[in-house]
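Quick note, the sequences are listed as chains A and B, same order. Residue 1710, in our numbering, is where the first sequence stops; the numbers in between run on with no holes. Residue 1710, in our numbering, is where the second sequence stops; the numbers in between run on with no holes.
Worth double-checking, as some hints may not be accurate.
Since the list gives no way to pick one copy over another, a pair counts as held whenever it fits inside one copy or between any two copies.
[What the hints assert, rightly or not] Subject to a maximum C-alpha distance of 20 Å in a straight line, what follows is the list of computed SDA-like cross-link-like pairs (lysine to any residue): (1) K1497 x A1465; (2) K1497 x I1675; (3) K1429 x L1447; (4) K1610 x D1504; (5) K1497 x Y1672; (6) K1429 x G1649.
By construction, these hints were calculated from the structure, which means they are not laboratory data.
Each chain is listed here by its residues.
There are 2 protein chains.
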Amino acid sequence: MSDAPLIAGVELGGTKCVVILASGPDAIHERAELPTTHPAETLAAIEAVLDAWRGFAALGIASFGPISIDRHAGDYGYITSTPKPGWANSDIARRLAARYDVPTEFHTDVVGAALGEARWGAAAGLTDLAYVTVGTGIGVGLIAHDRPVDGLTHSEMGHIRPQRLGGDDWSGACPFHGACVEGLASGPAIAARTGVKGQDLSPDHEAWENVVHALGQLLHAITLTGVPRRIVMGGGVMVGNPFLFPRIRHALRQSLGGYIAIPEVADVDTYVVAPALGHNAGPLGAIVLGQQALLTT
Amino acid sequence: MSDAPLIAGVELGGTKCVVILASGPDAIHERAELPTTHPAETLAAIEAVLDAWRGFAALGIASFGPISIDRHAGDYGYITSTPKPGWANSDIARRLAARYDVPTEFHTDVVGAALGEARWGAAAGLTDLAYVTVGTGIGVGLIAHDRPVDGLTHSEMGHIRPQRLGGDDWSGACPFHGACVEGLASGPAIAARTGVKGQDLSPDHEAWENVVHALGQLLHAITLTGVPRRIVMGGGVMVGNPFLFPRIRHALRQSLGGYIAIPEVADVDTYVVAPALGHNAGPLGAIVLGQQALLTT
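Chain A extracted, bound-state conformation:
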């Protein structure tokens, strides 16, 4: 691995950015963390870091979204319609690609995490997987044949509308959809329903039943895309509440009802797993994006 090319990776998160110079998890040569403030300020700070690191062969950017990944679109490389103040319609990837003139790949943070886990983490060796983050929002990154599944745009499957648990008619917390999966099972949704943040809610609180049911429905839908051989679940709600894993696996198995009788899915304990890369998943995912940019140019 020592002769793998050096890649610059940028994880652009809602509260902070991590910028690394690396060729893999055991070869992280430089690492910087920056607060995410206003685009002009944050991008200038990222550039100040990268300017000092010249010599990288490619650049990968894993960003919070929604973003435009359609290379035919006029707004390719932009963060598009985010409610985060100042960031809507912000050019990210075009600006950085032009400045450094190296092959550049731009995708969502959750696709980055999926690619990182597939290369070096909880799905190592698998070409087809999903990464689901359950935190402030619910994001889904789908990878098929080692590449992100996308087209017009990237996955937003966290906003599908699940079948409801019998007797539950809470209106949900999503401003667009009410009781979509994100509106039922994200951290803010849990807080809106219970008055208590997910990480502080007792494992025996009855609201978890609704959260687990909604997430089981999401995994059911992700499974039925036909893509994943494994689903990695991270994000603040999952990390703080490991008891959720067996409950979500059970909900998924119940929901599928024996459909998709393929061993990878049927063995639900190895099908739905926790991430392995910890706080470096995002920036390492950006390194994989940079490596993919090298391969396609």
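For this one, chain A is given, so just place chain B on it according to the hints.
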């Protein structure tokens, strides 16, 4: 187009097979229809047709499913767990590929229809689309960057569980999931709920409201995969009831609630459309599969 290589295409359907020798919709040199009976008999009949057509450069097979498309799996090329008598665990693609020794691609009938519509039909020129068939079952074919979206297996998104229409608690007709989309909106589901086949049910029957709602939810989920620039809807229930199109478009728009503010989706009249290839969509899709087999070998 006259110098495009000749491809043999097989559409293997539940009641009949169509076998063609063609390079495109305006260059169909041979065409044969055969009843689908027992695998040994039907495959022998297909081979008798193809044997007389030697000279094709590749073979495409678009089959009813579920099928194994995982080239790493021991059962690659098989129809797997179908309830159709005699067809479970039947080798299709390995047998035909070995006999003709040409590049061979094998996928679902609905992926075939999607590829055909993308090349020559209602989504011509688009690299990313979905084809949804609403008939005896509900099938989804997803194409991204001109290739089928798959991984472990093929899409079975017709079996996702939708949010229910308020007040509707019918148990649904799917033997695996009850009230999944197929269990609520397929032809047999409509017949089970109303006692009347879909094609004979009056457009003002109240049961259509539930069918439209379920299909709107399916299109919502397909849209949120991020893949399609257009969704083509075919199958017996759609073909016989063109009034469904405006109602499904309306349901989709309502369900998305302004999410995915991209023109391709926002213009729902051109986003959700009828097929254009008619009864040749399946076999022409098989021709595209054969062309893709040529490209990858």
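Structure-based check of all given hints:
Taking identical chains as interchangeable, the C-alpha atoms of K1497 and A1465 are never at most 20 Å apart, the minima being 29 Å within one chain and 65 Å between chains. Taking the shortest alpha-carbon separations for K1497 and I1675, only the inter-copy value of 19 Å comes in at or below 20 Å, while the best intra-copy value is 41 Å. Proximity of K1429 to L1447 under the C-alpha cut-off of 20 Å is restricted to the intra-copy arrangement: shortest distance 6 Å within a copy versus 62 Å between copies. With identical chains, the CA atoms of K1610 and D1504 are never at most 20 Å apart, being 33 Å at best within one copy and 53 Å at best between copies.
Proximity of K1497 to Y1672 under the C-alpha cut-off of 20 Å is restricted to the inter-copy arrangement: shortest distance 16 Å between copies versus 40 Å within a copy. Proximity of K1429 to G1649 under the C-alpha cut-off of 20 Å is restricted to the intra-copy arrangement: shortest distance 15 Å within a copy versus 52 Å between copies.
The structure is inconsistent with the numbered hints 1, 4, although it conforms to all the rest.
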